[in-house]
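**Student:** If you read the sequences in order, they're chains U and H.
Position one of the first sequence corresponds to residue 124 (our numbering), numbered consecutively onward.
Position one of the second sequence corresponds to residue 5 (our numbering), numbered consecutively onward.
Keep in mind that the hints were calculated from the coordinates and are not lab data.
One should not assume that every hint holds.
DSS-like, lysine-lysine: derived pairs with alpha carbons at most 25 Å apart [to be verified]:
| id | chain 1 | residue 1 | chain 2 | residue 2 |
| --- | --- | --- | --- | --- |
| 1 | H | LYS194 | H | LYS65 |
| 2 | U | LYS318 | H | LYS67 |
| 3 | H | LYS155 | U | LYS239 |
| 4 | H | LYS41 | H | LYS65 |
| 5 | H | LYS67 | H | LYS169 |
| 6 | U | LYS625 | U | LYS637 |
| 7 | U | LYS318 | H | LYS124 |
| 8 | U | LYS552 | U | LYS781 |
| 9 | H | LYS194 | H | LYS166 |
| 10 | U | LYS282 | H | LYS155 |
| 11 | H | LYS91 | U | LYS635 |
| 12 | H | LYS155 | U | LYS232 |
| 13 | U | LYS669 | U | LYS282 |
| 14 | U | LYS745 | U | LYS637 |
| 15 | U | LYS695 | U | LYS331 |
| 16 | H | LYS169 | H | LYS124 |
| 17 | H | LYS166 | H | LYS41 |
| 18 | H | LYS67 | H | LYS41 |
| 19 | U | LYS282 | U | LYS239 |
| 20 | U | LYS669 | H | LYS91 |
Sample of chain U residues lacking proximity to chain H, with all beta carbon distances greater than 12 Å (derived) [unchecked claim]:
| id | residue |
| --- | --- |
| 21 | VAL146 |
| 22 | LYS355 |
| 23 | ALA389 |
| 24 | ALA419 |
| 25 | THR485 |
| 26 | PHE564 |
| 27 | SER572 |
| 28 | LEU692 |
| 29 | ASN749 |
| 30 | ARG777 |
| 31 | GLY783 |
| 32 | LEU788 |
What you are looking at is a predicted structure, and each value in this text was computed from that prediction instead of being measured.
Yeah, the Cβ is synthetic: ideal placement off N, Cα and C, and Gly gets one too.
So you can see what is in the structure, the chains are spelled out below.
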Amino acid sequence: MKSSSASLSDVYRRLAWGWLAVVSLLVVLLALLLPRARLDSSVLSLLPASSLGKVPPQIENGFLQRLDKQMMWMVSPGNQPDAAAAQWWQTQLQQQPFLQDVQGPMEAKSQQEWGKFYFENRNGLLDNQTRSRLQNGGEAQAQWVLSQLYSAFSGVSGKELTNDPLMLVRGSQLALQQTASQMRLQNGWLVARDKQGRYWYLLHGELKGSSFDMQQGRVAVEQLRALQQKLKSQFPDAQVMSRGTLFYSDYASQQAKHDVSTLGLATVIGVLLLVLLVFRSLRPLLLCATSVAIGALAGTAITLLCFGELHLMTLVMSMSIVGVSADYTLYYLTERMVHGAQNSPSASLRKVLPALLLALATTVIAYLIMILAPFPGIRQLAVFAASGLIASCLTVVCWYPFAVRGLPVRPVPCSRLLNGWLNAWQNNKAVRFGIPLALLFISLAGIVSLKINDDIASFQALPQDLVREEQAITALTGQGMDQKWFVVYGETAEQTLQRLEKLAPVLASAQKNKLIDSYRLIPLASLEQQQADLRLLREAAPVLQKRLAESGITVSAPNLQQMAVTPELWQKSVISSGWRLLWLTLPDGKSGALVPVSGVRDSAALAGLAAKLPGVSWVDRKVMFNELFSHFRSLLAGLLAAAVAAIALSYVLRLGVKRGLLSVLPSLLSLGGGLAALAFSGHALNLFSLLALVLVLGIGINYTLFFSNPRGTALTSLLAISVALLTTLFTLGMLVFSQTQAIASFGIVLSCGIFCAFLTAPLALPPSTQGKGKRE
Amino acid sequence: MNKIFLMALLLISFTVSAITLDDVQRSFASQPVVRAKFQQERQISGMAQPLHSSGEVLIAKSKGLWWQQQHPFPMTLVLDDSHMAQKMGTQPPQIITADSNPQMFQFNHLLRALFQADRKVLDENFSSVFTDQGKGQWQLVLTPTTTPLDKLFSTITLQGDKYLKRIALNDLQGDFTEIIFSNHRPEPRKLTNEEQQRFAF
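Assemble the whole structure, with the sequences as input and the hints as a guide.
**Tutor:** Okay, structure coming up:
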């Protein structure tokens, strides 16, 4: 033994240098990757990238980016209509550097342009109703023109009749009015009136620039808030409501920032105080921090290397991994503190190494199960956790035998309390059977009352005032942010438009059958359709002239030239204002159109309709995510059960049936306890709570394995586990206070789960060391 | 003090003696159903001869307005609180509901307000000049203050006594429309079964 210790320390030295080389490499890697890395904060992007189905990705991204840039405001002067406040608001918005294309009232000039474009292109801009009146020779159109002429309130002028005898402009204007929202036009403004009698003026605009990072978003939101205050001081009765993805993403990043800064600070202070109290030295702090930092470094570098980006959720949860990886340092340092007088550092390491490696291996397996989940964010978490833990453990193994020389050696603190606890487990039946039974009972009661909720909306606690404004705007304008729409796409603009025309009758009948309330279809026809319309017009014109002549009205022959309206022309014209968002043409000619649908009653039926048409895809993001969440929740539950079975099997193989099963009991009770806590705190089971259970399983294994290490001593193990529990509670436990609901419920399951694991870990004490606790 | 009281009394008695818009509204409101014939003449600038049409109209306080042009071709328009239906010739009726299109419906409310002299709606959309023309005759000249009315009409003039007798519309383009009502029949004071059917949707 003595002779081999020289070569052994050589091995240790080589290991230490080798690990230093690896760590340096990781630092270089991180320095290279970090500048190009992207921090993502949307819960939605935790989900599979393929969620939009078969829509070409450039079109899908183009639409989503554009929608994310949209801003909408409604300004109310009070119960009397007065555009001054809205006008002031528009002027202010137009001065903001982060906004572009701020639109308020339709100017008289653009109203004229609007009419002019419609007139000049009337033969290519037929609406559906005119089209149907033109069928069968156009008799119906002639009747309609006559009725307009005779109606006292239609406002048909002689000029209109001369220039546009078929009244095509009038027809398309009326049709547009019918598809228009619930708002009315007042002096150019779109105005709505709410139930309290307040008038609301609509404005909209776009964020400037393609990407908006957290800082820019913050500045913009604050600037808008300040403007709102200013508006109120100038117009005391005025109110503003806003809508835009910006507000939500800013809220989310503020919340995350709050979580990271407050929880992060509490975590650091808590862990530092604890270590100082137990070890009475500053060095363990440094060692803990080093192993934790190297774990975090390796986790970040490897995750960025694999994925190129890091999700905010991964980052927040990596705080917990930081806590877990400190356990290894603590276990080794506890061993050194208690037995440092008798054993050399390498002997101490040999004593804890089996438990350490066994715990590491089991925990890494528990984390790596999550890599099977096809959610990018969760895969990132799995990779981050596994690589971070391995690096942290290697730091302990390779470096710390050299770093612990001269560390204060002192007896186990609170040894009476800890010994009492161990004795109670061995001698007091009420404890040995009572605690597990009580936990079993609580677990069962909790699991019975546990509810399942896969609704993605419940994971993100959205700010009430934002949601209220959003709902109010939806009620006033009739335009929701449901994110339910058909995406129609094609190789060319013409193909896309033709596909839209195939979809149109399907939508009309869906509306008639009450599958949906309404939909918005861009008022633009394919060239093919425009040709067909022209044929109808040429047939109908003589009939109209004849009918008018019978009533004593003579009109000149209408202009029946082709007036082709291409998407390009349409997009540049004023008439596409308010519709442009729904059309997208890529540089290669591929095009897409969005058809927003509101009042959806049967999402699956609409998906079925879309499936029958080429180039049409139904997108209902919420339903899709809920299904995915529920699918992967069941998947993870299965994986978890498999992991428990595998662990039980390994215990039974190693320790025999009786002790093996006894050792798996703490794990089972900790899972049950976590679930019960979830139920009793009023939360529902979702994907995130299952992820927490996977962690509980991993950490519970640590505790059990530290205790069942035959080379260890029960009291030292108990001390190490107690310190580990407290550090974990200071880290993971902090997540309970997160304002993001998904993270908070994750924290609850974890904290309560590992506490149960701690309570029942003494069940795994090996028989040979039982009673040893008294003698230490 | 006495002087002020006297003045007030004079003022009150003066206002009571002349017909006001409120009087007209009250008088119209006391007629639950009015049936009448209408004669319409529409002069469109640039057109050689005016367009003449005629038919029957029914104004029911509880239901709405039924307007049936019989000559030179049949066309029926029905307005109630939540629907507007227009039927002409052999075409299926076009029905617009208030929920689906408030913008268009605003205009229909206005039409009904004209026939019922609904002061509140009129005040929201027009500035008005009311004149008592003596012998129970009155005239109300309305100038639109809201879009799109102000883009269509320069003035709308109503004349009548117990009943609405004449509506004259001056278009901004210089067109002119005159509707003359005659043969007013307030009895029976309730809608007959057949008349009720006209408002069934």
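**Student:** So, for every hint listed, does it hold in this structure?
**Tutor:** Taking the hints in turn, this is what the structure says about them:
1. H:LYS194 with H:LYS65: holds, 10 Å
2. U:LYS318 with H:LYS67: holds, 24 Å
3. H:LYS155 with U:LYS239: Given pair LYS155 of chain H, LYS239 of chain U holds - Cα atoms ~16 Å apart, limit 25 Å.
4. H:LYS41 with H:LYS65: holds, 18 Å
5. H:LYS67 with H:LYS169: holds, 21 Å
6. U:LYS625 with U:LYS637: holds, 19 Å
7. U:LYS318 with H:LYS124: The given pair, whose Cα atoms are some 18 Å apart, holds under the 25 Å limit.
8. U:LYS552 with U:LYS781: Since the Cα atoms of LYS552 of chain U and LYS781 of chain U sit roughly 18 Å apart, the hinted pair holds (cutoff 25 Å).
9. H:LYS194 with H:LYS166: holds, 19 Å
10. U:LYS282 with H:LYS155: Holds, at roughly 15 Å.
11. H:LYS91 with U:LYS635: With Cα atoms ~21 Å apart, LYS91 of chain H and LYS635 of chain U stay inside 25 Å; holds.
12. H:LYS155 with U:LYS232: Holds, at about 14 Å.
13. U:LYS669 with U:LYS282: holds, 19 Å
14. U:LYS745 with U:LYS637: Holds: LYS745 of chain U and LYS637 of chain U sit about 21 Å apart, inside 25 Å.
15. U:LYS695 with U:LYS331: holds, 19 Å
16. H:LYS169 with H:LYS124: The given pair, whose Cα atoms are some 21 Å apart, holds under the 25 Å limit.
17. H:LYS166 with H:LYS41: Roughly 16 Å between the alpha carbons, so the hint for LYS166 of chain H and LYS41 of chain H holds.
18. H:LYS67 with H:LYS41: With Cα atoms ~19 Å apart, LYS67 of chain H and LYS41 of chain H stay inside 25 Å; holds.
19. U:LYS282 with U:LYS239: Roughly 14 Å between the alpha carbons, so the hint for LYS282 of chain U and LYS239 of chain U holds.
20. U:LYS669 with H:LYS91: holds, 22 Å
21. VAL146: Non-interface label stands for VAL146 of chain U: nearest chain H Cβ at 68 Å, farther than 12 Å.
22. LYS355: With a cut-off of 12 Å, LYS355 of chain U remains clear of chain H, as the shortest Cβ separation is near 27 Å.
23. ALA389: holds, 53 Å
24. ALA419: holds, 57 Å
25. THR485: holds, 62 Å
26. PHE564: Per Cβ check, PHE564 of chain U is outside 12 Å of chain H; nearest 56 Å; holds.
27. SER572: With a cut-off of 12 Å, SER572 of chain U remains clear of chain H, as the shortest Cβ separation is near 43 Å.
28. LEU692: Given a closest Cβ separation of 27 Å, the condition holds.
29. ASN749: Check passes; 30 Å lies beyond 12 Å.
30. ARG777: holds, 72 Å
31. GLY783: holds, 69 Å
32. LEU788: holds, 63 Å
Comparing the model with each earlier hint shows no violations; every hint is respected.
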